[in-house]
Amino acid sequence: MAGHSKWANIQHRKGRQDAKRGKIFTKLIKEVTVAAKMGGGDPAMNPRLRLAIDKAKAESMPKDNIENAIKRGTGQLDGVNYEEVRYEGYGIGGVAVMVDCLTDNKTRTVADVRHAFTKHGGNMGTDGCVAFQFRHCGQIVLEPGASEDAVMEAALDAGADDVIASEDGSIEVLTSPDPKTFESVKHALEAAGFKPAVAEITMRPEGETELAGDDAVKMQKILDALESLDDVQEVYTNAVLPE
2 MAGHSKWANI QHRKGRQDAK RGKIFTKLIK EVTVAAKMGG GDPAMNPRLR LAIDKAKAES
62 MPKDNIENAI KRGTGQLDGV NYEEVRYEGY GIGGVAVMVD CLTDNKTRTV ADVRHAFTKH
122 GGNMGTDGCV AFQFRHCGQI VLEPGASEDA VMEAALDAGA DDVIASEDGS IEVLTSPDPK
182 TFESVKHALE AAGFKPAVAE ITMRPEGETE LAGDDAVKMQ KILDALESLD DVQEVYTNAV
242 LPE
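The sequence shown begins at 2 in my numbering and counts up by one.
One thing to keep in mind: the hints can contain errors.
To be verified - As a list, the in silico DSSO-like pairs of lysine-lysine whose alpha-carbon atoms are at most 30 angstroms apart: (1) Lys181 - Lys38; (2) Lys107 - Lys219; (3) Lys196 - Lys28; (4) Lys72 - Lys24; (5) Lys120 - Lys24; (6) Lys56 - Lys24; (7) Lys56 - Lys107; (8) Lys219 - Lys28; (9) Lys24 - Lys38.
What the hints assert, rightly or not - Just the calculated beta-carbon pair ranges, DEER-fashion: (10) Asp169 - Asn82: 42 to 52 angstroms; (11) Asp105 - Glu168: 39 to 49 angstroms; (12) Arg109 - Met153: 38 to 48 angstroms; (13) Asp169 - Met39: 30 to 40 angstroms; (14) Lys72 - Asp215: 43 to 53 angstroms; (15) Gly170 - Asp128: 33 to 43 angstroms; (16) Pro243 - Met153: 23 to 33 angstroms; (17) Met153 - Arg87: 31 to 41 angstroms; (18) Asp128 - Ala192: 38 to 48 angstroms; (19) Asp231 - Phe133: 26 to 36 angstroms; (20) Thr27 - Thr119: 19 to 29 angstroms; (21) Gly214 - Glu149: 33 to 43 angstroms; (22) Ala151 - Asp105: 43 to 53 angstroms.
If you are wondering where the hints come from, they were derived from the structure by calculation, not from laboratory data.
C-beta atoms are modelled at their ideal positions from N, C-alpha and C, and glycine is treated no differently.
Take the sequences, apply the hints, and build the full model.
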């Protein structure tokens, strides 16, 4: 099925994330630790941990850092006890924003997130206020140039929910958020010769709102402020911003 172009927006988002690489290791270590705590330290038996390790390796994290994070999660090493918490709110023009955090102090985190929203013209909402505008799913994006028919065959045979071709030639594959299903589809695509540009379990907006001019600048400030917080792991929005 056809869809509007996502490639430029995805590249823009990933580029801004890459510019903040100093915080990436900290966030990845937290995710590995929590995944090990919740599902055990054996990646073969813990799909969430496998995905966290894959992300860490993709960012060239040293093996010792990964192993120590696993040990902290399983209690073999002393470490901080992190909780998962999600906050929801509104950006410029009422666009939806979801913020996933891992924190050892929810009082501090909620205050920091609220401040990031209000300082730049947004506001924090109540639980569930914007969640319905997002779909929890696996998302695999292939660069323009891949064969839609070949991608569709490999993806759907492996259990994908949908394959969406964008006007710019990029292809988006959607899966269940279940890590096993997501991994199965990702591996099938790789085996068929397709290298994902983006592969993650995410909150995908069901619809998008384009912002421009001052509104886009203000919205980017909200996103930057949220993403700069130490306790924030992921920020999702249905806003589309210019490059």
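Results of checking the hints against the structure:
| no. | hint | verdict |
| --- | --- | --- |
| 1 | Lys181 - Lys38 | 18 angstroms, holds |
| 2 | Lys107 - Lys219 | 26 angstroms, holds |
| 3 | Lys196 - Lys28 | 24 angstroms, holds |
| 4 | Lys72 - Lys24 | 21 angstroms, holds |
| 5 | Lys120 - Lys24 | 22 angstroms, holds |
| 6 | Lys56 - Lys24 | 14 angstroms, holds |
| 7 | Lys56 - Lys107 | 26 angstroms, holds |
| 8 | Lys219 - Lys28 | 25 angstroms, holds |
| 9 | Lys24 - Lys38 | 22 angstroms, holds |
| 10 | Asp169 - Asn82: 42 to 52 angstroms | 44 angstroms, holds |
| 11 | Asp105 - Glu168: 39 to 49 angstroms | 44 angstroms, holds |
| 12 | Arg109 - Met153: 38 to 48 angstroms | 46 angstroms, holds |
| 13 | Asp169 - Met39: 30 to 40 angstroms | 38 angstroms, holds |
| 14 | Lys72 - Asp215: 43 to 53 angstroms | 48 angstroms, holds |
| 15 | Gly170 - Asp128: 33 to 43 angstroms | 39 angstroms, holds |
| 16 | Pro243 - Met153: 23 to 33 angstroms | 31 angstroms, holds |
| 17 | Met153 - Arg87: 31 to 41 angstroms | 33 angstroms, holds |
| 18 | Asp128 - Ala192: 38 to 48 angstroms | 40 angstroms, holds |
| 19 | Asp231 - Phe133: 26 to 36 angstroms | 29 angstroms, holds |
| 20 | Thr27 - Thr119: 19 to 29 angstroms | 25 angstroms, holds |
| 21 | Gly214 - Glu149: 33 to 43 angstroms | 35 angstroms, holds |
| 22 | Ala151 - Asp105: 43 to 53 angstroms | 46 angstroms, holds |
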